[in-house]
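*Asks:* Sequence:
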Amino acid sequence: MPFSMDARLRSRAVLLGSVLLLLVGCAAPSARAPAEPAPEHWQALAKADLDAIHQLILDAHPGARDELNPGFMEWTETGYHAALALLPRVFNYDSMLAAVRYYTTGFRDNHLMYSDNIRPENALIEHAGWEVEYTGNRYMVTATAEVWPVALPPAGSILLQCDGRTVDSILRDDVAPFIDRRELPRTPTRLAFALSFLSLRGGELKRCQFSAPDGATLDLDVVYKGLTSDQWWDWFVAASEKPMPDRSNDYQLQDGILWIRASNFSLNPEQVIALDAMLDALPKLAGVRAIVFDARVNGGGDSSVGDRIFEAATGGLSYDTTGVEQLPQTYAQWRVSDVAIGEAEERVAQRRAQYGADSEQLRDSEDHLKALQDARQKGEIWVRQVEGPRLDRAEIRRRGGHLKRFDGPIALLTRGNCASSCLDFADLVLSVPGAVHLGQETSSDTLYIDVAFVTLPSGNGFMMPLKVWRNRLRGNNETLKPDVPLDFDAMDEATVRARVIEILSLPAESD
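Going by the working numbering, the sequence shown opens with residue 1, and the numbers climb by one from there.
The set of hints was computed from the structure by calculation and includes no laboratory data. Warning: the hint list may mix true and false statements.
To be verified - Distance ranges between label pairs, derived from CB positions: (1) 169 with 223: 18 to 26 Å; (2) 74 with 138: 31 to 39 Å; (3) 345 with 400: 21 to 29 Å; (4) 473 with 248: 44 to 52 Å; (5) 289 with 268: 31 to 39 Å; (6) 352 with 280: 21 to 29 Å.
To be verified - In silico lysine-lysine, BS3-like type, Cα no more than 27 Å apart, as pairs: (7) 284 with 47; (8) 284 with 206; (9) 225 with 206.
Glycine residues also receive a C-beta, built at the ideal position from the N, C-alpha and C atoms.
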């Protein structure tokens, strides 16, 4: 199966809904950096990119030809014109991003995104001088600038309101349209980081109220100031910077618990070799009493990697197939377009480099490319990808579903970042009767998935889905809620392991 999240994006400065990711990779301007271009320059670039995205959606997005989703075309047009109306408020690079993202976030699709590739070295970050974090259902000041024209709230203060509006309403109306409009468990956390950044002229906060750590109520003016990326990093990021998580795929068998870290589904050739070694070792392990699939740091990639890990660890799922042809079928439709064919050509080259000239993965990609080319030659709109019968866990259980090589407890661990092929992996693990889902509610996907990355007139990139699922068990933008919620942020690894083992020792609840 092709990638459901383009791996090339992971090496680029893509905004994945977080202002931190938007800015972290920026280089600071030198003391003699040239002045920023005039607002008209950024307005023209925003207009060019909006026009290009609008046309790409019409020409290549499956939603533009999806008769089952008429609302898609409504936003394609109304959202485009609403974004164009924001252009007079664009004044710098970040506000150019905001105007374009107003359009892209309206599709509420984490596979349809406008990336940040061309940030100028001299671009300033318009900032309020303080930042908040969503914690314990409150918005707490985590850091402030060292020098500012007005008084700033002390770290540890709680933001109560601004200009007579609740923080939640400000985030919903003034921040989410430029970051992420989906209502997910992680959304307040992601949006809180963006509250102190000025997206567009006219969106300035004027006066905010805080509850200080000593209990005093502070009513403070808000003044925005341009920061270099070095200033922003030193004042707001460096002090709270956390180490990057280990995204390797590996396993540990201890006390009969096979703990498989399924952390990376976007592999380079060296990681493919390491994965193959793990897949070769897993079926040979003895004394396994329980299997834990740990996907806490997995954010997507190639869904076939998850399929192979599951197969190697368990032997795969078996059930009575009598009459399954009478069940509704899950399938996908790829929209035939130059964009899809170009992406398929790149995928063939990528698979050859990853897996080799004789690999099954390469043959699958070549077959997919040929199907798209043949369909274009015939003037067809869609290429159908057959997935199989639509089976939920209850139906699998009714058909005597069981793992071929393991009959003990199965657990899946997720955080809120689990999206794309991580969700496909979660669907697979949770299809096993008796499997238990532990941790945090996942992210979500629309029915549109498998992406292409297109460079726009500005030089920034646009990521767009190429296919639509039909009869998928998981609904449009549906999250997966854990059977047993666990706050991993409040637990060290030893505590996580102990808690998981404790849960697995209990009788499985009925599904």
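*Asks:* A separate judgement is required for each hint: does it hold in the structure or not?
*Replies:* Comparing the hints with the structure gives:
Take residue 169 and residue 223: their Cβ atoms lie about 22 Å apart, and the range 18 to 26 Å holds. At about 37 Å, the beta-carbon gap between residue 74 and residue 138 stays in the expected band of 31 to 39 Å. For the pair residue 345 and residue 400, the beta carbons lie near 43 Å from each other, so the given range of 21 to 29 Å is not met. Roughly 30 Å separates the CB atoms of residue 473 and residue 248, a value that falls outside the hinted 44 to 52 Å.
Range check, residue 289 to residue 268: Cβ separation about 34 Å, and the 31 to 39 Å hint holds. At roughly 22 Å, the beta-carbon separation of residue 352 and residue 280 lies within the given 21 to 29 Å, and the hint holds. Our distance criterion of 27 Å between C-alpha atoms is broken by residue 284 and residue 47, whose separation comes to about 58 Å. Distance restraint check for residue 284 and residue 206: the Cα-Cα separation of roughly 64 Å exceeds the 27 Å cut-off, and the hinted pair is therefore not satisfied.
Proposed proximity of residue 225 and residue 206 is supported: the alpha carbons are some 13 Å apart, at most 27 Å.
Violated hints, in rising order: 3, 4, 7, 8; the structure is consistent with all others.
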